[in-house]
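Trainee: Sequence:
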Amino acid sequence: MVSQTEGESNPVRYGSRYVFSGARSAPKLPSYLSYSMETLLHMCDDPDSNIRMAADESLNRIIRAMMESNIVKVLVELHKEIKANGKARSLRAALWRFGELAHMIR
Numbered sequence: 001m002v003s004q005t006e007g008e009s010n011p012v013r014y015g016s017r018y019v020f021s022g023a024r025s026a027p028k029l030p031s032y033l034s035y036s037m038e039t040l041l042h043m044c045d046d047p048d049s050n051i052r053m054a055a056d057e058s059l060n061r062i063i064r065a066m067m068e069s070n071i072v073k074v075l076v077e078l079h080k081e082i083k084a085n086g087k088a089r090s091l092r093a094a095l096w097r098f099g100e101l102a103h104m105i106r
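Heads up: the sequence shown runs through residues 1 to 106, numbered per UniProt numbering.
Bear in mind the hints are in silico, worked out from the structure with no lab data behind them.
Take these hints with a grain of salt, some might be off.
As the list claims (entries may be wrong) - Below are the PhoX-like pairs computed for lysine-lysine, each with C-alpha atoms no more than 25 Å apart in a straight line:
| no. | residue 1 | residue 2 |
| --- | --- | --- |
| 1 | K87 | K73 |
| 2 | K87 | K28 |
| 3 | K73 | K83 |
| 4 | K28 | K73 |
To be verified - Restraint-style ranges between C-beta atoms, simulated for each label pair:
| no. | residue 1 | residue 2 | range |
| --- | --- | --- | --- |
| 5 | P27 | S49 | 18 to 28 Å |
| 6 | S49 | A26 | 30 to 40 Å |
| 7 | E57 | K87 | 11 to 21 Å |
| 8 | R106 | N50 | 36 to 46 Å |
No residue lacks a Cβ here, since even glycine has one placed at the ideal position from N, Cα and C.
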């Protein structure tokens, strides 16, 4: 039997998958989320279509997971990518997602 260490939490059923309830309230989550989204948005411009598709799916998963708790941070990261006005594919990915989430801006 695995013992629970300090800082870990029990998995909670979220839709069809299990998520650790403490993952969304981790102290370094904003910085990890920022780095992850920036990296995935840059990977949306990769020449390999498999990498682009994986990055696209990963961004969608992050957004779905953060929908309840950190959607503002997701919107900020998408806005930073749009403001950077980088490559066309990553810009299109950020604009499309920002447009889909714009109704959640307070």
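Trainee: It remains to establish, for every hint, whether it holds in the given structure.
Mentor: Each hint, compared with the structure:
1. K87 with K73: 22 Å, holds
2. K87 with K28: 28 Å, violated
3. K73 with K83: 15 Å, holds
4. K28 with K73: At roughly 13 Å apart (the allowed maximum being 25 Å), K73 and K28 satisfy the hint.
5. P27 with S49: 18 to 28 Å: About 37 Å separates the Cβ atoms of P27 and S49, which means 18 to 28 Å is violated.
6. S49 with A26: 30 to 40 Å: Because 33 Å falls inside the window, the suggested range holds.
7. E57 with K87: 11 to 21 Å: 19 Å, holds
8. R106 with N50: 36 to 46 Å: About 37 Å separates the Cβ atoms of R106 and N50, which means 36 to 46 Å holds.
Hint compliance for this structure: hints 2, 5 are broken, all remaining hints hold.
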